[in-house]
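Undergrad: Heads up: the sequence lines are chains E and X, in that order. Quick note: the first sequence, position 5, residue 5 per our numbering, numbers continuous. Quick note: the second sequence, position 207, residue 207 per our numbering, numbers continuous.
Hints are computed from structural coordinates only; laboratory data are not their basis. Among the hints, a few may not be true.
[Stated by the list, open to error] Ranges of calculated distance between the beta carbons of each label pair, as one might list FRET restraints: (1) X:N322 with E:D38: 49 to 55 angstroms; (2) E:R325 with X:T136: 23 to 29 angstroms; (3) E:I322 with X:A256: 40 to 46 angstroms; (4) X:E360 with E:I143: 50 to 56 angstroms; (5) E:F221 with X:K387: 42 to 48 angstroms; (6) X:P389 with E:P125: 31 to 37 angstroms; (7) E:L46 with X:N73: 50 to 56 angstroms; (8) X:N491 with E:I322: 37 to 43 angstroms; (9) X:E482 with E:F127: 56 to 62 angstroms; (10) X:E482 with E:K220: 54 to 60 angstroms; (11) X:N369 with E:T272: 38 to 44 angstroms; (12) E:F297 with X:K269: 46 to 52 angstroms.
[As the list claims (entries may be wrong)] Here are some of the chain E residues that sit facing chain X, going by a computed Cβ distance under 7 angstroms: (13) T196; (14) S207; (15) N208; (16) A275.
[Stated by the list, open to error] Derived DMTMM-like pairs (lysine to aspartate or glutamate); straight-line CA-CA distance at most 20 angstroms: (17) X:K161 with X:E68; (18) E:K197 with X:E120; (19) X:K249 with X:E277; (20) X:K205 with X:E179; (21) E:K220 with X:E106; (22) E:K324 with X:E308.
Note that CB positions come from ideal geometry on N, CA and C, so glycine has one too.
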Amino acid sequence: MAGDLKKKSIFAKLGGQKFIVLLVVIVLFTFFSIASQDFRKYTTVLNIFDFSYYIVLMAIGVTFPLITGGVDLSIGTGLICYSLAGGYLVVHLGWPTGLGLLVSVLFGILIGFANGVLIAVMGLPPFLATLCTCMITRGLGSICSKGFGISWPTTGAPGSWFRSIFKMQIGGTKIPIGFIWILIIVAIMAFVLNHTKIGRYTIAIGSNKEAAVLSGINVKFYHIMAYVISGFFAGLASIAYAAVFPTVQPGTGAGFELEAIGGAIIGGVSATGGAGSIEGTLIGVFVICLLKTGLPFVGLQANWQQIITGLVLIAAVLVDIIKKRREAK
Amino acid sequence: MGEVILTMNDIDKSFPGVHALDHVHFDVNRGEVHALMGENGAGKSTLMKVLTGIYTKDSGTIEFEGKEVEFHNAREAQDAGVVIVHQELNMVGHLTVAQNIFIGREFKKGFRIDDKKMNEEAAKLFKRLNIDIDPTATMSDLTVGKQQMCEIAKAISHEAKVIVFDEPSAALTESEIAELFKIIRDLREQQLGIVYISHRMDEIKVITDRVTVMRDGGYVGTLITKDCTKDDIINMMVGRVIYEEPKTKSLVPDDAPVVLKVEHLNAGKMVRDVSFELRKGEILGFSGLMGAGRTETARAIFGADPKESGDIYINGKKVEINSPEDAVKNGIGYLSEDRKRFGIVVQKTIAENSTLATLEKYMKGIFINKKKENEVTQKYVDSLATKTPSIDQLVVNLSGGNQQKVVIAKWLVRDSEILIFDEPTRGIDVGAKNEIYKLMNRLAAEGKSIIMISSEMTEILRMSDRIIVMCEGKVTGEIGIEEVSQEKIMNMATREIS
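Construct the complete structure from the given sequences, taking the supplied hints into account.
TA: What follows is the structure, given as C-alpha cells:
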C-alpha cells in the first residue's frame, strides 16, 4: 500500500507552510525586539494586537472564497461602510450600541450574499464581482454617514461597552482580551472548514467543481455561502475596527482587503484554490501585522512596509507554486 | 442472465444542427455485461447522459425496474441506483479517498462530519471489492488506476443496480484491467446490470455478454457476444463510411532523408530519454496509454514546456528550440489535442486564424493587408475543402472537423515542414474523420512529415508508416507498419508497468 502513496516530505509532516510561517513570526518578533528598545514595550505588543483584530477577522472570512478559487475584494471598503452605517444609527439617531453593531454585521452578510449571487448564480468572475461591490460599498459608506466621519462612543462614555470586548482594563493594566476571542473564533472556523459540509464543499468547489456538481452537491448554495461567510466576517471586522479606532472615516478601507488576502496566502491558502487552513491564515496575518508595526521601529516608514509586505507575499506564492511543481513531477 | 432491468425505447435527441440520437433502443438485463460500441461521435456518451438526466430527451421512454422513469440530474439517477463511472475521473484531489466516496451524502454527528465512520465504511467497501486502498490517503496521491477503483467503489456504495462504465480501461495497465474485470464479474454475479463502453475489441470479447452498436447517432443492432466475430462488430460500427485503405506497408521511400531527429530528450517525469527519427513524407504514429508522455514529448519538442536535456536536429542541423516561437521558425507546427484551448481562437474568423502564426507576412507597415490575408485564406479553404459560408465566418460556428482544417491551414500557411497532430480526430464526427485522414495522407505524399499522436488503436494502425510506443515517459518500442499488431502495441505500451 505504501507504494501507492508518494512519500511525504519532512516539510509536509511538520504542517508545511504553517510551520515555516510560524517560525517567520517568531524570527520577526525576536529581530524587532533586539533591534529596537521601544518595540520591546508592553504597549507595542498591545498595539500589535489592537491593529490585528480587524485584519484577522477579514482574513478568516476571505479564506473561504479563496479556497473556492475566488477572491473577495469588497471586505476592506465594506468594513468601513458597515461601521459607518451602524455608527450613524447609534451616534446620530440614538440607537442602542448593540443594535448598531447588529446592523453592521447584517449589512456585511447582505453584501456577502450579493457577491455570492453575482458569482455563483450569475456567473461573474469573482475578481470583477467583488471589485464592483468594493466600489459600491465605498460610495454607500459615505452616503450612510452623509460624508462625515463617525465617532462611536469613546471609552468611558455611555454605550462604549463594546470597546472592552477587545481590551479590558484590570487594575492599571490593559489586557488584550480580544486575542482570546480570536483564538476561539479560529477554533470554531477551523472546525467548520474541516468537519462540516460547508467547509468540505468549499474545498471541493475549489479543487474540482465539476466533480462536486456530478456528486449531486448543491454547488450554487455552498458557493454563495463562502461569500456570505466572508461578508459576515467583514461585518465582525467592522466592530473590531470601530472598537480600536476613535473615528471611522468614509472613503477609507481600500487596501485593507489586500492585507487580509495577503495574510491568508502567506498562511498557506493556495492561490489557485482547494487548499488552506484557518490556523495558517491567523499566523499569516501576524506576519503582516508584525511587519506593519515593527518596521517603523527600525526606521522604515510606510512605503517600505508596503514594499516588504509585497515581497513577502511573492515569496509565499512562489513557495506554493514550487511545491505544486514538485508534486507534479 | 436475468430479467430486463433497464430499457431505453425510441430515444431521440437533437442539438442545434445535429441529430445526436435517432430513435435509439437499448436495454440491460440483471446479471449481464452489455457493451455499447461505436466510433467517436456515434452517440454512446449522449445516450448515457440522457439516461442519467444530464441531457433531457426529446422523445422516447426509459423504463427502470418495470416503471417509467425520468431523471433530472445525476443525483436523482444515483439515488434510484443508476450510476456512471466516468471516463474523466471526477475526484476531488484535495480530499481523502473516503471523503470522496461519500461526498454529497456524508455521515454526520450533529453538525460534525463523521470522518471516522466514513473511513470505516470505505474500508468495508474496499474489503468487499478486494481492493487494497487506504481510505485516509489523499486522492491526488493515488495512481490513476487506484483513483478509478475509488470511483467504482463510490458507484457501488450508492447501492447501484445499473453501473455504466465509460471507457474504464483507457488509463489502466494490463494488471489493473485484470483487476477491473474481476470486479465487474463479481458485480455481474450479484445480479447488477452493467453497461460497458469501450473501443477495445479484445475486451469486448472477454468481458461482455451482448454488444449493441451505434453509428452516427442511430441504433445499428444488438448481438450476442459469443456468437459474433470481431469483424461482425467492426462492420456494424463502420457501416457505409469507407475509410482510406489501411496501410499494409510503409509509403516512405528507403532513401527518404531524416528531417527531424530527437536525441535523449528529457523533460520532467513524463519525458525520459526519448530518442527517435522522423523521415520526409512519413506519418509516424505515437501510441500508448493515457498519460504515457506522448503529448508531453510533443510539447517539449515544440518548446511549449521546458527541456532538461536532449538535442533536436532538423535536416541534420542541430537547433535550439526553447519556445514555440523557435519551433515555428524551424518549420514545426503543432496541432493540439485540445483545439479550443490551444489551437484556435474561436471567436475570430477563419481568415484571422489562418494567418495567426504568420501575421508578419501579411502586414503593410503597421496595418494588416486584408486583401492578401483573404487570398491566402481562400486558397486553403478551397484546397482543404473547409465547409464554410465565407472566410469571415467565426471559427466557433464551424463543426469540429472544419475547425481542425482551419488549424491545419494555419500551419500550412506558415510553410511548416513538420506537423505534429495530437489526437487529430478527437471530437470529430465519423464522416469528417475520413476527410482528415485523406488530408494527412495527401500532406505526407506532398513531402510534409507528420507525427501523429493517437489513443485510437484503429487510427494508429490505419495511418502510420511506422509506430513509436511510449510508456511512463519512455520509448518502449518501435515497429514498422508491416509487422504491427494490436497485441504487440499493447504489450509495449504496458512494458514499463509491473
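Undergrad: None of the hints should be skipped; say for each whether it holds.
TA: Now the hints, each set against the structure:
For N322 of chain X and D38 of chain E, the Cβ-Cβ distance of about 53 angstroms falls inside the hinted range of 49 to 55 angstroms, so the restraint holds. Under the hint 23 to 29 angstroms, the C-beta atoms of R325 of chain E and T136 of chain X, about 26 angstroms apart, fit the expected range. The hinted range of 40 to 46 angstroms is satisfied by I322 of chain E and A256 of chain X, whose Cβ atoms lie roughly 45 angstroms apart. For E360 of chain X paired with I143 of chain E, a C-beta distance near 54 angstroms keeps the hint of 50 to 56 angstroms intact.
A hinted range of 42 to 48 angstroms for the beta carbons of F221 of chain E and K387 of chain X is consistent with their spacing of about 44 angstroms. One distance hint, 31 to 37 angstroms for the beta-carbon pair P389 of chain X and P125 of chain E, holds here, with the actual separation near 33 angstroms. At about 55 angstroms, the CB distance of L46 of chain E to N73 of chain X agrees with the hint of 50 to 56 angstroms. For N491 of chain X and I322 of chain E, the Cβ-Cβ distance of about 39 angstroms falls inside the hinted range of 37 to 43 angstroms, so the restraint holds.
Checking the proposed 56 to 62 angstroms range against E482 of chain X and F127 of chain E shows it holds: the Cβ atoms sit about 57 angstroms from each other. Between E482 of chain X and K220 of chain E the C-beta distance comes to about 57 angstroms, which sits within the given range of 54 to 60 angstroms. Hint check: N369 of chain X to T272 of chain E, Cβ distance near 42 angstroms, so the stated range 38 to 44 angstroms holds. In this structure, F297 of chain E and K269 of chain X meet the distance hint of 46 to 52 angstroms, their C-beta atoms being roughly 48 angstroms apart.
At a threshold of 7 angstroms, the smallest CB-CB gap from T196 of chain E to chain X is about 5 angstroms, leaving the interface hint in force. A cut of 7 angstroms between beta carbons decides the hint on S207 of chain E: the least distance to chain X is about 4 angstroms, and the hint holds. A least Cβ separation of about 5 angstroms between N208 of chain E and chain X falls short of the 7 angstroms threshold, and the interface hint therefore holds. For A275 of chain E, the interface hint holds, since its Cβ comes within 7 angstroms of a Cβ in chain X; the closest pair sits about 5 angstroms apart.
A C-alpha spacing of about 16 angstroms is found between K161 of chain X and E68 of chain X, which places the hinted pair at or below 20 angstroms, so the restraint holds. About 19 angstroms separates the Cα atoms of K197 of chain E and E120 of chain X, which keeps this hinted pair within 20 angstroms; it holds. Distance restraint check for K249 of chain X and E277 of chain X: the Cα-Cα separation of roughly 18 angstroms lies within the 20 angstroms cut-off, and the hinted pair is therefore satisfied. Distance restraint check for K205 of chain X and E179 of chain X: the Cα-Cα separation of roughly 17 angstroms lies within the 20 angstroms cut-off, and the hinted pair is therefore satisfied.
Of the supplied pair hints, the one linking K220 of chain E and E106 of chain X holds, its CA atoms being roughly 18 angstroms apart against a limit of 20 angstroms. Proximity of K324 of chain E to E308 of chain X is assessed by CA-CA distance (about 18 angstroms); at most 20 angstroms being required, the pair is judged to hold.
When each numbered hint is compared with the structure, no violation occurs for any of them.
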